[in-house]
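Number of protein chains: 2
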Amino acid sequence: MKIEPRTLPGFMELLPNEQIKFNSMMDKIRKSYEKFGFLPLDTPIIEMADVLLAKAGGETEKQIYRFNKGDNDLALRFDLTVPLAKYVTEYYNELSFPFKRYQIGKVYRGERPQKGRFREFYQCDIDIIGDGELSIVNDAQMPSVIYITIKELGFDNFTIRINNRKILNGLFKELQLEDNSVEIMRIIDKLEKIGKENVTKCLQDLNIENDKIDKIMSFIEIEGSTDERLEALRKLNIENELFIQGLEELSQVVKHVRLFGVPDSNFNVDLTIARGLDYYTGTVYETFLNDYRELGSICSGGRYDNLAEFYTDRKLPGVGVSIGLTRVFSKLSELNIIKEENKSISKVLIVSMTESNDRALEIGTKLRDAGINADTYLEDKKIKAKFKYADKLEIPYVAIIGEEEEKNGTLSLKNMITGEQKEISLNEAIEVLKK
Amino acid sequence: MKIEPRTLPGFMELLPNEQIKFNSMMDKIRKSYEKFGFLPLDTPIIEMADVLLAKAGGETEKQIYRFNKGDNDLALRFDLTVPLAKYVTEYYNELSFPFKRYQIGKVYRGERPQKGRFREFYQCDIDIIGDGELSIVNDAQMPSVIYITIKELGFDNFTIRINNRKILNGLFKELQLEDNSVEIMRIIDKLEKIGKENVTKCLQDLNIENDKIDKIMSFIEIEGSTDERLEALRKLNIENELFIQGLEELSQVVKHVRLFGVPDSNFNVDLTIARGLDYYTGTVYETFLNDYRELGSICSGGRYDNLAEFYTDRKLPGVGVSIGLTRVFSKLSELNIIKEENKSISKVLIVSMTESNDRALEIGTKLRDAGINADTYLEDKKIKAKFKYADKLEIPYVAIIGEEEEKNGTLSLKNMITGEQKEISLNEAIEVLKK
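Protein chains in written order, with the numbering used here: chain A, 2 to 436; chain B, 2 to 436.
Since the hints were derived computationally from the structure, they do not count as laboratory data.
Remember, predicted model here, so these are calculated numbers, not experimental data.
For chains that are exact copies, the list does not tell them apart, and a pair is met inside one copy or across any two.
In the BS3-like style, the derived pairs of lysine-lysine whose C-alpha atoms are separated by at most 30 Å in a straight line are:
#1 K32 - K344
#2 K383 - K256
#3 K256 - K408
#4 K344 - K435
#5 K29 - K436
#6 K32 - K152
#7 K382 - K32
#8 K316 - K393
Bound-form chain A, shown alone:
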């Protein structure tokens, strides 16, 4: 009896040529994060359930993978933020603050499987955690990292949308709607999806007076350039302290985002962004590819007052963003717009046309010593099979060693794209392959 080998639904498993692209994207994200000095972290995938669920509840708790092993009540991490909170509290005395860390790793959510939803997926997170306080300039660093990262992934036409929840919350206070603020923000957050009319209707369903709804609507409809929007906000003359603070923070963020070198064409102020979660307390971000709005935000995050309140009395404010790489990759792949040039691991496949592959082995070693990824075809197959292997793996060059080449101490290098073939020396081959 054979067991049928199968992979669980909701778990991405790629063929090698796709995996190469996936890894290339992950590497670019990692290198972009490191460029800003974020430190790597790699926390366990399994944690004590009580530690992981200290803050959770609702949907998260239902989706979690939780199980016993021996006497331990364990769970798989469902994000990288809770492990960060645990880590920062646990190793507080050994860390330097502001603590800038990145983590790229798999997280687990047992959602009902549906297209585009994954139960195991990569998150690529950066966060900056302050000890007691954290300068608003850090909030401007986030769009700068997003900008470098998304450019690195090959996209130019994207917009990082920035908002500050204090502005919305201040407005709600001014309108004496603070008790409904979370619901109102959730509704506003959907503006793009459901349209103005439906937002108005949803607000009416909350029994909000029409004049207040008008004020909310005229607020979220503020348009124009980034500076015009900030100016329009100032002109509202709202005297609520939180509103004023939020506006000041947002202005600071805009100013510093420019100093960080992010062009105005790649960011704007979008007053409708609230990032659903109650978690964020100040600046919030979303990032959209303008030609592919259907992807939704590909990089989101924000500022929070207190990272680890469930573990410690210490105040640890932070700001961070995350890329859900598995989802993004899957969607980009569907749209066939992955901008990765790396298609193969090997730059060259060495094939012997003679009975012995001694020289092929030696040449492979010399190419690798020169820093070139070189595969050697070792099986006793027809020449056609050898070229088919190079072809399927999209290896750009094949180095052929026949009797003639053995005699001359050369190799024939075939460019698999142009079909061009030349008998050259090993050193000449190294030069071509190093390009």
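Given chain A, put chain B in place with the hints provided.
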């Protein structure tokens, strides 16, 4: 009530400076594997329990993390070989053979926690899988990959020990001891640990006649250079077919290992290696750091006749090796012999001595554009705190922007190791930092 943040025993969690070294080692392993054209793979950590356990049993089954989610009986992978078998069978039609893949990922074994044992640990595997058959030259490629990888990790004085289980099995057949072969190999495998006398005693406990024990002992005591050992084996004149085949394979492997460029000082034939497991059927490998024998083998593996017999009737022979990176890192770290020069992510920390950090932000952006990892200290702290941050993170340079530097359009670059400080232009700084 606060929850105490804690990490499960047996789960490695590193501080950033250690994590940098760990990641650097992992990168080197990955790049070494890619140099030989191994393709990346990333299979799920969770699989259907029946798929994962198709072949398992005994200790493995007891150690596994297994749980239900909805109606599914799930388990965490305990190695990367079973997922490979699943993958190759599942995607057989889309793969090119020989299928060369590497996978670096975490695996899970719920062992009783003890020093040096991990429940979550990285394995770094390479395997070459043939479709029906696989040339013996692939068995010679493995030591070549090990050689490049261990050198890359900074070690020179190591020995890759090679054996072929057919030789031992042939000998057992010749001695009519094949029914005990698994037990005998387990005992022989322990030779180095328990010594000759105890091996003899263990063999006596199996009720093996003394003359046969003598033959086994004189066999595993064969000494000398690689070629002398092969010659001594030939001179035994054992006519058993399996023995002859094993000897021929081992001779072929030795010949080709040399052609792959591995010097005789880094490999030998060791007839005592059997690699405990019943799994291997031909060539077997172990790798020892000669100055740190207490580490045990840091890279092991071998040839197997059939990768996926529990899933398919197709014959898929393979050969592979694995580095248990978590264990190796932990031991090297204990011995303080990690050969990693990368201590920090950032090459430079930019600090402003004036009230505004505008220029510091601009310089950071320009340095990053030039390909340099540059962190900017953004908090409003005393200069001492800023330098302490650089110091603790072992950032090698600090770029200071004071009033003088602002006026001159320069920066003062301080080498944190020598203490030397110079006021230079941005371009000069880029040149220094790029080194």
